[in-house]
Amino acid sequence: MADHSDTTVSDKRRQQHAIAHTKDHARNSITLIFDHFWAKLKACIQPEAPCQKLPMK
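For reference, each letter of the sequence shown is one residue, going 1 to 57 in the UniProt record's numbering.
Derived by calculation from the structure, the hints in this document are not laboratory data. Among the clues, some could well be false.
What the hints assert, rightly or not - Result set (DSBU-like, lysine-lysine): computed pairs, CA atoms no more than 30 Å apart in a straight line: (1) K23 <-> K12; (2) K40 <-> K23; (3) K42 <-> K23.
Claimed, not checked - Between beta-carbon pairs, the in silico distance windows are: (4) D35 <-> R14: 24 to 34 Å; (5) T8 <-> Q46: 53 to 63 Å; (6) I45 <-> K23: 27 to 37 Å; (7) Q46 <-> A26: 25 to 35 Å; (8) Q15 <-> I45: 40 to 50 Å; (9) K42 <-> A20: 31 to 41 Å; (10) R13 <-> C44: 38 to 48 Å.
Ideal placement from N, C-alpha and C gives every residue a C-beta, glycine not left out.
Construct the entire structure; sequences and hints are all you get.
Spelled out as structure tokens, the structure:
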């Protein structure tokens, strides 16, 4: 049973690490998306760079 519990502990640790990694990745994606829209918004606010000139992607 000792071997079984050792495996369970390492599996849980691996799972927690995977979850943490996924959360970090999601946070990075959200930050990138936010930065992208914020850059567009700032460009729209600036009179020398009207929204119509920005490529819509």
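Against the structure, the hints come out as follows:
no. : hint                    : in the structure
1   : K23 <-> K12             : holds (16 Å)
2   : K40 <-> K23             : holds (26 Å)
3   : K42 <-> K23             : holds (28 Å)
4   : D35 <-> R14: 24 to 34 Å : holds (32 Å)
5   : T8 <-> Q46: 53 to 63 Å  : holds (57 Å)
6   : I45 <-> K23: 27 to 37 Å : holds (32 Å)
7   : Q46 <-> A26: 25 to 35 Å : holds (31 Å)
8   : Q15 <-> I45: 40 to 50 Å : holds (45 Å)
9   : K42 <-> A20: 31 to 41 Å : holds (32 Å)
10  : R13 <-> C44: 38 to 48 Å : holds (47 Å)
Comparing the model with each earlier hint shows no violations; every hint is respected.
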